[in-house]
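Here is how the chains run, residue by residue.
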Amino acid sequence: MKFMSKRLVFTTSSEIIRVPTDAVVFVTADGNYSTITLADSGNFTLTMQLGQIERRIADMLDEDDNRFIRIGKSLIVNRDFIAFINPLRQKMILSDCRTFRHEVSASKEALRALKELMEKEI
Amino acid sequence: MSHKHIDIDDDEIRVISATGDEPKKKSKHNFFPRVLIAALLIVGIAAAVIFSTKFASKPDDSALSEPVAPVTTDSVVPAKAFTTLRDTVANGTRLGILTPRNATPVLSVGNDVLNDTAAVLAVQAADVRGDNGMIAGTFVVNGNLVSKGEAKAGFCSIINGEITIGVADATPMLEQALADDGYFFRQYPLVVGSQMVENKPKGKAKRKALAEIDGEISVIFTHERVTFHDFSQSLIDAGVRNAIYLVGADSSGFYVDSSGVTTLFSPDNRNEWENINYIVWR
Chain A
1 MKFMSKRLVF TTSSEIIRVP TDAVVFVTAD GNYSTITLAD SGNFTLTMQL
51 GQIERRIADM LDEDDNRFIR IGKSLIVNRD FIAFINPLRQ KMILSDCRTF
101 RHEVSASKEA LRALKELMEK EI
Chain B
1 MSHKHIDIDD DEIRVISATG DEPKKKSKHN FFPRVLIAAL LIVGIAAAVI
51 FSTKFASKPD DSALSEPVAP VTTDSVVPAK AFTTLRDTVA NGTRLGILTP
101 RNATPVLSVG NDVLNDTAAV LAVQAADVRG DNGMIAGTFV VNGNLVSKGE
151 AKAGFCSIIN GEITIGVADA TPMLEQALAD DGYFFRQYPL VVGSQMVENK
201 PKGKAKRKAL AEIDGEISVI FTHERVTFHD FSQSLIDAGV RNAIYLVGAD
251 SSGFYVDSSG VTTLFSPDNR NEWENINYIV WR
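The listed protein sequences derive, respectively, from chains A and B. Here the first sequence is numbered in this note's numbering, starting from 1 and rising by one per residue. Here the second sequence is numbered in this note's numbering, starting from 1 and rising by one per residue.
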């Protein structure tokens with residue numbers, strides 16, 4: 001049985017952050033910090049590197065859950081919110097097409113690979 | 001968990017899963033076909049350019065224009081508010097210039113704004129007196145007079161979302177703020193009509209200002225500790241026309257950039273002064 005709002009849990013020496021998996025839009029890296037942006041446009045900044053975040057996500061996901069995609073060194077996105085990719089402009093829009101819209105950037109090669117991945121899933 | 005998750009290049013993507021897939025990387029086998037395609041493209045483009053130069057009566061706009069983005073959700077989703085950050089150096093001082101976009105300014109008393117997810121820029125506005133914990137100078141929130149006094153000649157009024165910065169012991173903008181459910185606070189004047197205003201405090205601190213620059217209202221801050229004089233001069237050199245001071249040093253506040261990432265002004269970011277107040281854009 002699957003729970004509707006399974007939570008990702010991140011703990012540091014001083015904090016615990018519990019966020020519903022389907023509310024995580026993207027995670028960005030800034031050196032030793034990572035910021036999780038949520039569907040309510042709120043965010044949490046963690047004293048964890050993006051690689052650590054990625055491993056935590058992999059550990060907590062169900063085996064058939066592959067919604068999160070690491071893009072280069074600085075970004076993890078939830079594929080459910082990918083609304084627009086333009087590799088030439090190095091532009092991607094993450095949106096639920098109702099209440100929020102975030103523009104993020106990545107390398108052309110990575111976005112080209114992501115576009116191909118999305119096209120295969122049509 | 002395997003450590004193969006750690007390594008990834010900027011041109012790679014990887015589906016995160018419990019099984020730990022390898023990165024999807026460009027194959028070396030694709031090198032020669034890519035070179036061939038690129039060479040054919042170059043030849044084709046060159047031929048097209050020669051042809052259009054010699055024979056075409058007018059240029060082909062479609063070949064010059066940017067591809068049209070297929071997503072146009074702006075009509076459904078309101079323009080997203082965010083804050084831009086531009087760095088510059090003026091008078092030897094490193095300045096950060098924060099300019100809110102698609103957002104409306106108001107004044108707010110209390111630290112609730114620090115949890116306001118709709119806010120994209122919040123900075124402490126008026127000083128709080130150390131002796132009695134009251135706000136220094138006249139302070140109006142939504143047409144209500146919260147504090148009275150004219151200790152500082154600089155003022156900021158917000159009426160119908162429009163900010164006015166000026167210097168005056170008495171100004172009709174106060175009456176208008178009271179009449180039109182507006183906002184008003186007082187601070188040290190720094191720059192008036194691109195001219196410096198000298199202030200008494202001589203110490204050094206990290207400084208912030210509310211400034212009119214390039215026809216826009218921005219919050220400008222220093223990365224280093226500077227005197228009022230040097231701060232005012234750097235603002236003028238940066239092109240500021242009018243500016244008043246904002247609470248500096250380790251004052252609380254934050255801004256949210258176009259990616260939705262929040263940056264705090266100070267590590268703990270929660271000064272617990274009574275009557276702490278903010279100018280906030282949301």
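Any given hint could turn out to be false.
What the hints assert, rightly or not - Quick list of in silico lysine-lysine cross-link-like pairs, BS3-like style, CA-CA up to 27 Å:
(1) B:LYS200 x B:LYS148
(2) A:LYS108 x A:LYS91
(3) B:LYS80 x A:LYS91
(4) B:LYS206 x A:LYS115
As the list claims (entries may be wrong) - Chain A regions said to be covered by chain B (calculated; three or more residues, Cβ under 8 Å):
(5) 28-39
(6) 42-56
(7) 59-67
(8) 70-81
(9) 93-107
(10) 110-122
Said to hold, decoys possible - DEER-style ranges, computed between Cβ atoms:
(11) B:LEU145 x A:LYS115: 55 to 61 Å
(12) A:GLU119 x B:ASP10: 20 to 26 Å
(13) A:ARG7 x B:LEU85: 43 to 49 Å
(14) A:ARG89 x B:ASN115: 30 to 36 Å
(15) A:MET60 x B:GLN176: 29 to 35 Å
(16) B:LEU40 x A:THR47: 31 to 37 Å
(17) A:GLN90 x B:GLU175: 18 to 24 Å
(18) A:GLU15 x B:VAL43: 22 to 28 Å
(19) A:ILE16 x B:GLN195: 33 to 39 Å
(20) A:LYS120 x B:ASN144: 58 to 64 Å
(21) A:GLU15 x B:THR263: 27 to 33 Å
(22) B:HIS223 x A:ILE17: 28 to 34 Å
(23) A:VAL9 x B:ARG225: 36 to 42 Å
Honestly, the hints are just simulated from the structure, not real lab data. Positions of the beta carbon are idealized from the N, C-alpha and C atoms, including for glycine.
Verification of the supplied hints:
Straight-line distance between C-alpha atoms of B:LYS200 and B:LYS148 comes to about 22 Å, which keeps the hinted pair within the 27 Å bound. In summary, the hint linking A:LYS108 to A:LYS91 is supported, as the alpha carbons are separated by about 9 Å, within the 27 Å threshold. Annotation: proposed proximity of B:LYS80 to A:LYS91 holds, straight-line Cα distance about 16 Å (limit 27 Å). The straight-line distance between the Cα atoms of B:LYS206 and A:LYS115 is roughly 45 Å, outside the 27 Å bound, and the hint therefore fails.
With 4 residues bearing a CB less than 8 Å from a CB of chain B, the segment 28-39 of chain A meets the requirement of three and the coverage assertion stands. Residues of the segment 42-56 of chain A with a Cβ under 8 Å from some Cβ of chain B number 6, which satisfies the need for three, so the listed coverage holds. Residues of the segment 59-67 of chain A lying with their CB closer than 8 Å to a CB of chain B number 6, which satisfies the three-residue condition for coverage. With 6 residues carrying a beta carbon less than 8 Å from a beta carbon of chain B, the segment 70-81 of chain A meets the three-residue requirement, and the given coverage holds.
With a cut-off of 8 Å between beta carbons, the segment 93-107 of chain A has 12 residues touching chain B; three or more are needed, and the interface restraint holds. For the segment 110-122 of chain A, the assignment as covered by chain B holds, since 4 residues bring a beta-carbon within under 8 Å of that chain's beta-carbons and 3 suffice. A hinted range of 55 to 61 Å for the beta carbons of B:LEU145 and A:LYS115 is consistent with their spacing of about 57 Å. Here the CB-CB span from A:GLU119 to B:ASP10 is close to 21 Å, well matched to the stated 20 to 26 Å.
Between A:ARG7 and B:LEU85 the C-beta distance comes to about 32 Å, which lies outside the given range of 43 to 49 Å. Take A:ARG89 and B:ASN115: their Cβ atoms lie about 35 Å apart, and the range 30 to 36 Å holds. Hint check: A:MET60 to B:GLN176, Cβ distance near 55 Å, so the stated range 29 to 35 Å is violated. Between B:LEU40 and A:THR47 the CB atoms are about 50 Å apart, so this pair departs from the stated range of 31 to 37 Å.
Range check, A:GLN90 to B:GLU175: about 51 Å between beta-carbon atoms, so the 18 to 24 Å window is missed. Taking the beta carbon of each, A:GLU15 and B:VAL43 are about 59 Å apart, not inside 22 to 28 Å as hinted. Roughly 53 Å separates the CB atoms of A:ILE16 and B:GLN195, a value that falls outside the hinted 33 to 39 Å. At about 59 Å, the CB distance of A:LYS120 to B:ASN144 agrees with the hint of 58 to 64 Å.
Against the hinted window of 27 to 33 Å, the Cβ-Cβ separation of A:GLU15 and B:THR263 comes to about 18 Å, which falls outside the hint. Restraint check, B:HIS223 to A:ILE17: a C-beta distance of roughly 30 Å satisfies the suggested window 28 to 34 Å. Separated by about 40 Å at the C-beta atoms, A:VAL9 and B:ARG225 satisfy the suggested range of 36 to 42 Å.
Of the numbered hints given earlier, the model fails hints 4, 13, 15, 16, 17, 18, 19 and 21; all others are met.
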